[in-house]
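Student: Make the full structure from the sequences, and use the hints.
Chains A, B, C, D, E and F, in that order, give the protein sequences. Numbered per the UniProt record's numbering, the first sequence spans residues 1 to 229. Numbered per the UniProt record's numbering, the second sequence spans residues 1 to 229. Numbered per the UniProt record's numbering, the third sequence spans residues 1 to 229. Numbered per the UniProt record's numbering, the fourth sequence spans residues 1 to 229. Numbered per the UniProt record's numbering, the fifth sequence spans residues 1 to 229. Numbered per the UniProt record's numbering, the sixth sequence spans residues 1 to 229.
No wet-lab data here; the hints were simulated from the structure. One or more of the hints may lead you astray.
[Claimed, not checked] Listed below are the simulated EDC-like cross-link pairs for lysine to aspartate or glutamate, each with C-alpha atoms no more than 20 Å apart in a straight line:
| id | chain 1 | residue 1 | chain 2 | residue 2 |
| --- | --- | --- | --- | --- |
| 1 | C | Lys153 | E | Asp85 |
| 2 | A | Lys153 | F | Asp85 |
| 3 | C | Lys55 | D | Asp200 |
| 4 | C | Lys211 | C | Asp192 |
| 5 | D | Lys153 | D | Glu15 |
| 6 | A | Lys55 | C | Glu7 |
| 7 | B | Lys153 | A | Glu193 |
| 8 | B | Lys206 | C | Glu7 |
| 9 | D | Lys153 | A | Asp85 |
| 10 | C | Lys55 | D | Asp209 |
| 11 | A | Lys50 | B | Asp200 |
| 12 | E | Lys50 | F | Asp200 |
| 13 | E | Lys206 | B | Glu7 |
| 14 | B | Lys6 | E | Asp200 |
| 15 | E | Lys6 | D | Asp51 |
| 16 | A | Lys206 | F | Glu7 |
| 17 | E | Lys6 | F | Asp200 |
| 18 | C | Lys153 | D | Glu193 |
| 19 | D | Lys55 | E | Glu7 |
| 20 | F | Lys6 | A | Asp200 |
| 21 | D | Lys6 | C | Asp200 |
| 22 | F | Lys6 | E | Asp200 |
| 23 | C | Lys50 | A | Asp83 |
[Stated by the list, open to error] Non-contacting residues of chain E with respect to chain B, defined by C-beta distances greater than 12 Å in every case (computed):
| id | residue |
| --- | --- |
| 24 | Lys6 |
| 25 | Arg16 |
| 26 | Lys55 |
| 27 | Asp85 |
| 28 | Arg219 |
Only a predicted model underlies this, so the values are computations on that prediction, with no experimental measurement involved. Where is the CB? At the ideal position from N, CA and C, for every residue including glycine.
There are 6 protein chains.
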Amino acid sequence: MFMHNKELLQPVKVERPNPTYAAMLTEQLGGPQGEMKAAMQYMAQSFRIKDPAIKDLFMDIAAEELSHMEMVATTVNLLNGHDVDAPAVAAGHIESHVLMGLNPALSNASGYLWTAAYVNVTGDLPADLLSNIASEQRAKVVYEYLHRQIEDKYVRQTIDFLLNREEAHNTLFRQAFNRVQGTSSTQDWGVDENARLYFDLSTPGKYFDIKDPQPPVFRTPDPGARQPQ
Amino acid sequence: MFMHNKELLQPVKVERPNPTYAAMLTEQLGGPQGEMKAAMQYMAQSFRIKDPAIKDLFMDIAAEELSHMEMVATTVNLLNGHDVDAPAVAAGHIESHVLMGLNPALSNASGYLWTAAYVNVTGDLPADLLSNIASEQRAKVVYEYLHRQIEDKYVRQTIDFLLNREEAHNTLFRQAFNRVQGTSSTQDWGVDENARLYFDLSTPGKYFDIKDPQPPVFRTPDPGARQPQ
Amino acid sequence: MFMHNKELLQPVKVERPNPTYAAMLTEQLGGPQGEMKAAMQYMAQSFRIKDPAIKDLFMDIAAEELSHMEMVATTVNLLNGHDVDAPAVAAGHIESHVLMGLNPALSNASGYLWTAAYVNVTGDLPADLLSNIASEQRAKVVYEYLHRQIEDKYVRQTIDFLLNREEAHNTLFRQAFNRVQGTSSTQDWGVDENARLYFDLSTPGKYFDIKDPQPPVFRTPDPGARQPQ
Amino acid sequence: MFMHNKELLQPVKVERPNPTYAAMLTEQLGGPQGEMKAAMQYMAQSFRIKDPAIKDLFMDIAAEELSHMEMVATTVNLLNGHDVDAPAVAAGHIESHVLMGLNPALSNASGYLWTAAYVNVTGDLPADLLSNIASEQRAKVVYEYLHRQIEDKYVRQTIDFLLNREEAHNTLFRQAFNRVQGTSSTQDWGVDENARLYFDLSTPGKYFDIKDPQPPVFRTPDPGARQPQ
Amino acid sequence: MFMHNKELLQPVKVERPNPTYAAMLTEQLGGPQGEMKAAMQYMAQSFRIKDPAIKDLFMDIAAEELSHMEMVATTVNLLNGHDVDAPAVAAGHIESHVLMGLNPALSNASGYLWTAAYVNVTGDLPADLLSNIASEQRAKVVYEYLHRQIEDKYVRQTIDFLLNREEAHNTLFRQAFNRVQGTSSTQDWGVDENARLYFDLSTPGKYFDIKDPQPPVFRTPDPGARQPQ
Amino acid sequence: MFMHNKELLQPVKVERPNPTYAAMLTEQLGGPQGEMKAAMQYMAQSFRIKDPAIKDLFMDIAAEELSHMEMVATTVNLLNGHDVDAPAVAAGHIESHVLMGLNPALSNASGYLWTAAYVNVTGDLPADLLSNIASEQRAKVVYEYLHRQIEDKYVRQTIDFLLNREEAHNTLFRQAFNRVQGTSSTQDWGVDENARLYFDLSTPGKYFDIKDPQPPVFRTPDPGARQPQ
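Tutor: Shown next, in the form of structure tokens:
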């Protein structure tokens, strides 16, 4: 079960309203690399997990991503300002101004509505962990792009916080991945000849080859971390 | 530019029509872990890549995934049989029977139409490579699920081939990832205190912690492979 | 911020696996009248609300709907059984069997993926409350349909619980609505002649007319409840 | 069956072209609270209704909403002006300029294409009527937002007309709701203990409670209206 | 403006309920070649048309397609029977049974919700007419597939009627096309060398070439028809 | 199988970056009349075709459309410039700046993600060819709109090339159509009285009638072309 506390995980504020940046930041509320996606993906993956350490990790992070979602939405709300005024949005979606009375939208920055097509669940622990590691890396990248396009120091602080949290999650998911390496879809790697072929279909150029393929394992993600039992 | 050869990358056949399995296998034609998604993701990522080795790798694999898409579609077409008969589909979508005259559909097994929401492109090479490694792992998993649910030996051979190719791509993408490690979004990892926090938001239980976070690096994916120049 | 407890809001179990009913019950996980929609709608509406009583009500219920989402997903997971077997699904989507390793899907019963198009937010408190009252009524109806189509006594208990909770939410949202009646979009009702016209465009028949239109107000939803301050 | 008359339900004109406002007004053509949605929802709900008074009301209003759709589209078309010129759209979608030769789009103001995910049909008369009352309230709100953002006096007249018509429909749907109160999903309200619980999951704060829950009934929506037979 | 008459354009009935065929026939209610699509496409195209003969033709047919939509929906409703029972649907979507109380759905046969992505509007009369001719041809094909899969003689009569109406519309749209030939996008055909190249990109085989390309014109679609003034 | 050559089908360049036009041109990368749609439609239709001449034509053109897709994407990439800067996009989607690090998007100009709902496949050769002829005509129209809104001479050259190629494809598809006339869905035209009715449902006005309907045939699309064997 979920509980909510009206205090934010980390307080947010803005120097001043900025309806254009409100639209841009919406990307991380309802876009493919955004907080809602992260929360829903980890929650959806957790429903069948047996391993208590990994189930706990997924729900710790899912609850945190819901809390990030709230931080991003609160920031967008502050940036939206006080009056509906669609032409004040220099670029990006205008739904907050014509549809929602300045509420933040569950969409990306251009107004494409959030869809569960963003969520990857396979029920295979190594594959789901790789999905999550990639998701966290992408989320970091999007926060970097957003960071470069805003001067507001409070918004930058919020983005900094969120970006660093994605790194933390990324590190943790790699620890979890290494814990399950050699199981499920990482077993029996490259046993068949076809796993060692290279089809050089784009010409010119061939730069890689395969000889002795190994399943995915990360180098120690955190040398100082204790091993989960 | 693209060219096409009417020979398949690998020939396909089926023991007998099987409209239910045709619907099921459609998952890998137009689903989120399917061949069309893979082809479009790698192609879309390649448009801005400068590094010639990685650009070549992406287009080699994109062209191969288009060729896989053709193999899967040809197999679905054979499985669909000779007469439109929707009730012969025991489970899954029926569009081949009511809409498409037994053609394969660009949808998942339940009829959800392919969407570019499946495609992840960030323009950051490490992030895009992690996306691709995760995609290939998920595609392998889906082929395993499909393999378990069919007796047809020719279909099994085709699935075996495709599954092994996903392993090959996975291995290659990891080689490429390690080539770019330490650049772009893998730089400056964990410099901020927030990257070392653990919010224990799901109770009871806390199994992981962070002390000295490192950016993602894979253990050597293929000890025998030569290094791209 | 959100916290999670691994205990469910109400424990769930099933008499036996039932993959067909698993697909059917998915409707209330990821369908338009389902728990994810309810949670996301109330959370999204809350981001701009000033009135502390109503903001609290929305977040109390949003957190509960997230907890319902977990109950429904856990039930679907149990019903999915132990082996991927798409043809065992007599009707409805088969993604749990071909894509997700028996995990529950964020879709409706027929596999249409959850979309934020289901979520209504206007930023006008009376309008948003009417949306929520209607949502709760519809959710009750869907649970009634699902109740009629299952014999499993534990699943029935879970549905009974959830159905009754929708009634509770409905009652509470009406209390909140009456608290804000006469404000925002319920002001200035019927001041213009056009609000009193009836266009009898479907023939034959005309059964209703308008003389003295009044804005929406509910009869006391709960005579025993104390008034929020 | 439907018939069409080339005269609009109410004539429309504009003071001058305004491509930005054309995009904004598109919200009420193809958005979630727009005219197409209303027409399709009431029509789709009517297909199974037996009660002749209510079926007639739904089709009277569905036909009117189709006529509103035509009025909105005609206005958007006039506002689009005479030359394709995407950069003249200061905010919102640009499909009229790059795709449609200045035709209005079946999308919201930001270009999200109309989807039947906006349409709620349950086949339960009280629930469907509550959906419609909420829809009409939301449509009024959106017209208010749009009214505030345009100076063109003719466009304002059209919006005024449409806004008032939503009030009329809202009043009529409440009359119809009260006619069916106590039937279907409004029966047996609060018989179970669970319908009287309050989960105080968001802290701090608890402002509402439930003691003696009643099903939804509106106060007399129109004291002067005659009762349908 | 639109008006509605409760008499259907053509009466419909069914021999007996058939929930599976109800799902199948839904294809022509809310699928890409269905009646809703046709109605919305012709209506959306008409909003900017100046030529009175063509505008009248589009609205005559749009109103008829709305009337077909009503016929199809009424038939689906009859086929759905009297009790919600999802497993009675042998193939196709089950939303009528779990969500809608046996109402017909605005989706295709597999439950994919209607989307305006099906609608083609370019604002160029020859292009829009070609779209409509193709749409009518496809609709005929889908009715043929559906006809082959049902024994119910009344349903067959309805399908026969609708199929023949698509032929009529097809013929009329071709008459209209030939009336506008040589205008807009059919002007200046093949003036550039690039319009006469053939890229033989799929090997082996080359069967066609281009020497003296002409814009599209249909052979007289109806030798007996009078010419519109 | 598909192969790729890193040389473009036709080289592209731009005079200077133009982020607004980059967004606009995205319409033909991932919009409903764009190159990805064309490639996927012809490929998807080809999977069941027996006639070798027509199968070859479809794959020749599908491979070319993939190559066009690459040309359009490369041009968008050049137009996007060198720095993420969403407000520099005066109109249209901003995903390249907030999500994708200046990569082109698989969406239309307003950010609606590519969907297989754009793709028409019926498995009936005459119907599919009519779809393709209409698609090519619409693609030409969109290129004309885009041509009018850009001064950049290199971009104009690219658009000219692509526009002329659509004419070539259109001509070829008509040759193919006439080759299959009288088969499949073009047989038995107008045998039933209902194919000769005209419902004059939009008043005032009736300009067309039907007396002796004929199936679709094009006047010779290319008098100089040799007949395929």
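Student: If a hint holds in the structure, say so; if it doesn't, say that too.
Tutor: Hints, verified against the model:
no.: 1; hint: Lys153(C) <-> Asp85(E); result: 18 Å, holds
no.: 2; hint: Lys153(A) <-> Asp85(F); result: 18 Å, holds
no.: 3; hint: Lys55(C) <-> Asp200(D); result: 12 Å, holds
no.: 4; hint: Lys211(C) <-> Asp192(C); result: 12 Å, holds
no.: 5; hint: Lys153(D) <-> Glu15(D); result: 7 Å, holds
no.: 6; hint: Lys55(A) <-> Glu7(C); result: 13 Å, holds
no.: 7; hint: Lys153(B) <-> Glu193(A); result: 18 Å, holds
no.: 8; hint: Lys206(B) <-> Glu7(C); result: 15 Å, holds
no.: 9; hint: Lys153(D) <-> Asp85(A); result: 18 Å, holds
no.: 10; hint: Lys55(C) <-> Asp209(D); result: 15 Å, holds
no.: 11; hint: Lys50(A) <-> Asp200(B); result: 19 Å, holds
no.: 12; hint: Lys50(E) <-> Asp200(F); result: 19 Å, holds
no.: 13; hint: Lys206(E) <-> Glu7(B); result: 15 Å, holds
no.: 14; hint: Lys6(B) <-> Asp200(E); result: 12 Å, holds
no.: 15; hint: Lys6(E) <-> Asp51(D); result: 13 Å, holds
no.: 16; hint: Lys206(A) <-> Glu7(F); result: 15 Å, holds
no.: 17; hint: Lys6(E) <-> Asp200(F); result: 18 Å, holds
no.: 18; hint: Lys153(C) <-> Glu193(D); result: 18 Å, holds
no.: 19; hint: Lys55(D) <-> Glu7(E); result: 13 Å, holds
no.: 20; hint: Lys6(F) <-> Asp200(A); result: 12 Å, holds
no.: 21; hint: Lys6(D) <-> Asp200(C); result: 18 Å, holds
no.: 22; hint: Lys6(F) <-> Asp200(E); result: 18 Å, holds
no.: 23; hint: Lys50(C) <-> Asp83(A); result: 16 Å, holds
no.: 24; hint: Lys6; result: 29 Å, holds
no.: 25; hint: Arg16; result: 16 Å, holds
no.: 26; hint: Lys55; result: 31 Å, holds
no.: 27; hint: Asp85; result: 16 Å, holds
no.: 28; hint: Arg219; result: 26 Å, holds
In this structure, none of the earlier numbered hints is contradicted; all agree with it.
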